[in-house]
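Undergrad: For reference, the chains in residue letters:
Number of protein chains: 2
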Amino acid sequence: MKQCNVAIAGLGVVGAQTAQLLLNNQSSYATKTGANITLKAVSARSKGKDRGFDISSLHWCDNPVDLATMDDIDIVVEVMGGSDGPALALTKAALSAGKHVVTANKAMIALHGMELAKLAEDNNAQLCFESSVAGGIPALKILREGLAANDIQAVSGILNGTCNYILSTMEQTGRAFNDVLSEAQALGYAEADPTFDVDGIDAAHKLAILQSIAFAVQPNFDNLSITGIRAITDMDISYAAELGYRIRLIGRATAAGDAGVAPMLLPMGSALASVTGPTNAVNYEATPVQTISAMGPGAGAGPTASAVVADIMDIASGRNTYPFGRAAKDLASQSGNTSTAAQSSYYLRLRVTDEKGVLADVTDVLNACDMSIETLIQKQLEDGKDADLVMILHEASSENLVNACDKLKTMSVVGDMSLPMAVQK
Amino acid sequence: MKQCNVAIAGLGVVGAQTAQLLLNNQSSYATKTGANITLKAVSARSKGKDRGFDISSLHWCDNPVDLATMDDIDIVVEVMGGSDGPALALTKAALSAGKHVVTANKAMIALHGMELAKLAEDNNAQLCFESSVAGGIPALKILREGLAANDIQAVSGILNGTCNYILSTMEQTGRAFNDVLSEAQALGYAEADPTFDVDGIDAAHKLAILQSIAFAVQPNFDNLSITGIRAITDMDISYAAELGYRIRLIGRATAAGDAGVAPMLLPMGSALASVTGPTNAVNYEATPVQTISAMGPGAGAGPTASAVVADIMDIASGRNTYPFGRAAKDLASQSGNTSTAAQSSYYLRLRVTDEKGVLADVTDVLNACDMSIETLIQKQLEDGKDADLVMILHEASSENLVNACDKLKTMSVVGDMSLPMAVQK
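Chains as they are written, first to last, in my numbering: chain A, 104 to 528; chain B, 104 to 528.
Bound conformation, chain A alone (with noise of 0.2 Å):
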């Protein structure tokens, strides 16, 4: 039986995991495989630690990138983290020494995927990072060869399960979301600098592997527009509630080129908004298999080992894909901007001072701006001072949207603005 040499550079939650799944399961993963996937070497920061798991039979580096040049070694799995430093080091010293590497780094991939798949590609190495995207959900290997007959529309979903526990907890218990976030992080649901979830930007790297696989372009994470959830408040998870929406972040890339991860409103009833908690979901709109969805946990120890070994088991199976789907020189460049041309409807609060003709003049300068208002909710706060005009407006630009906020905003009967968002009909 041929054999497969694994080194796991990382014992984390989900190095440890892999390894465990490795060193318990040898026989069933080669009965399907064909091959004798054995874990020869690891490497982390502390080699005493109690891990659950005996590695006094392994290999031990205690220099990663050592992985990279060991002679029987044929996959380096990558679980350390961090988009530069010792992660990219190992990574371009492994491939550039013919082996393949598994990794699930986001991160590195997103900001220096084309290099390293080109690297994979001169050097006859195969680069994986299914557990870089959606946890335990196979969402690249769905796109990459599920779906690789079909024309996509578009890829979009929920990809960062912080966000969707925190927006989905904020809706279920009407608490604010510093609240929310802080218990988010006693649980481990949240890191203590919060920043890459609740900003976005772990979305935005997911999506970026998602736009290059299914757009055949070179990921840019640069070029994508980012909005993160920080600024949603109760008050308007509680108003697209009586609109019939609930708030999801949302990362969403289309063939017309427009790319971005922002908090939408959704239709109650629709597949996305029923995901809750830290679960993630990808929606693939393509010709001619129209849409399919699938949903899973989205981090974690177990869901994301499932998919790091799911590509172990690939390599060793002999199954071979490009990295992006196709070849590096087949990968188009983005320009710089990406498309605005896309039409939206949206949602804005205002609030504002309870006096006549307010709402005439709002909408006056949503007319100058090519804007209009489809549902208006009205409510008197309690301060019998001011108002909150909560509005859905009809399709327009992000352009348009853009202008016309700038323009509320110096309204003087104008206070506190929502974040605008997009509405999903």
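Worth flagging that the hints you see were computed from the coordinates, not collected in a lab. One should not assume that every hint holds.
One copy or two, either will do: identical chains are not told apart, so a pair holds if it fits within one copy or between any two.
Unchecked claim - Each computed SDA-like pair below joins lysine to any residue, with the alpha-carbon atoms no more than 25 Å apart:
no. : residue 1 : residue 2
1   : K432      : M104
2   : K528      : S377
3   : K482      : A525
4   : K528      : M371
5   : K195      : G115
6   : K482      : L522
7   : K195      : D325
These numbers were taken from a predicted model, which means no experiment stands behind them.
Keeping the supplied structure of chain A fixed, place chain B upon it in accordance with the hints.
TA: Chain B in isolation, oriented as in the chain A frame:
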């Protein structure tokens, strides 16, 4: 570039759509696979029929089995249907000649899968049937490759779009089964002879395939317990809704050996309950990934052709897999009976004579069979003589349920009895 020549047997809607995809996307498919996939030959019942594209440049065979022995064909696509006859003859002949076979034929694979898998292995050919299960959803690829690292606990789903259309339309309109079936036939959602769909046979063919891949067993259609939806009344749908459930035809196989297709009550908010119309859905419960779900169109020319061409592209890319995820010798044979050890909660409706002591008599019979009522709706009918006892019963074995139903039927006060249905909590 590697050349990969394809022949298609059957030019119905799926065959015609497959042909058009291959003819129209040759260069994009070459970029993705590294192979020049070329449609060379076709066979169908009528050569002259207008199918919306030009077949004059393609080699024509009157007898589909002749495609198996054409020298320059690498992949034979079988989309004629029928578990035996020409489809089986062609598949055997093609595999015996060392040609790869891609088929959408769930009945053939469910009934002859083992024999064909062995034939494929013996001749170093691939046998692919992604399109046979859940239409456009890459349901087999997700299970066999995407979740390859996992121990599967259960695979379940909505595997027949016709039944799901009928059940969700009955629910939305309050109309009766026969009425909605006739409409579905008129709309082309159901066949003139609806037996395979509404009696659960089509779903069971698909379940036999999923079960084999999930649990490393030989596909064994005869082993499945199968109940269709003919006995579902609008009354039961409405009572189920009152209790917070929706009725769906569910195929489910577990690691414990249970495998069957039957209507079930699912909680209103659950992912599968929210699937309406002809959509399919598959749920995978597995360790360590937890639960992954996929949804999409379960039938139709576009979705099915999408999966057929994905198989062709896998073969053209050199991505080999065993048909059922392991070599034929590694698939266990199944014993004659599925396990009946699993406990379930059940829904049961009895029409009874509305007189004193009836409920006490019914509960006595249930008690004698080790069963008890969890939730009860008692409704007097308009005639004043009869009443409905609608019950959710506490968890019990299916053996106890059958005993209890047999005894209840002999009671003089019990008239009509609903199909007893498992309830998912």
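Undergrad: Each hint should be assessed against the structure and marked as holding or not.
TA: So, going through the hints one by one against the coordinates:
1. K432 x M104: between (35 Å within a copy, 16 Å between copies)
2. K528 x S377: both (15 Å within a copy, 18 Å between copies)
3. K482 x A525: Only inside one copy: K482 and A525 sit 22 Å apart there, 47 Å across copies, limit 25 Å.
4. K528 x M371: Both. Shortest intra-copy (10 Å) and inter-copy (23 Å) distances satisfy the 25 Å Cα cut-off.
5. K195 x G115: Answer is within; shortest intra-copy Cα gap is 21 Å, inter-copy 50 Å.
6. K482 x L522: within (18 Å within a copy, 51 Å between copies)
7. K195 x D325: within (22 Å within a copy, 53 Å between copies)
Checked against the numbered hints listed earlier, the structure breaks none of them; every hint is satisfied.
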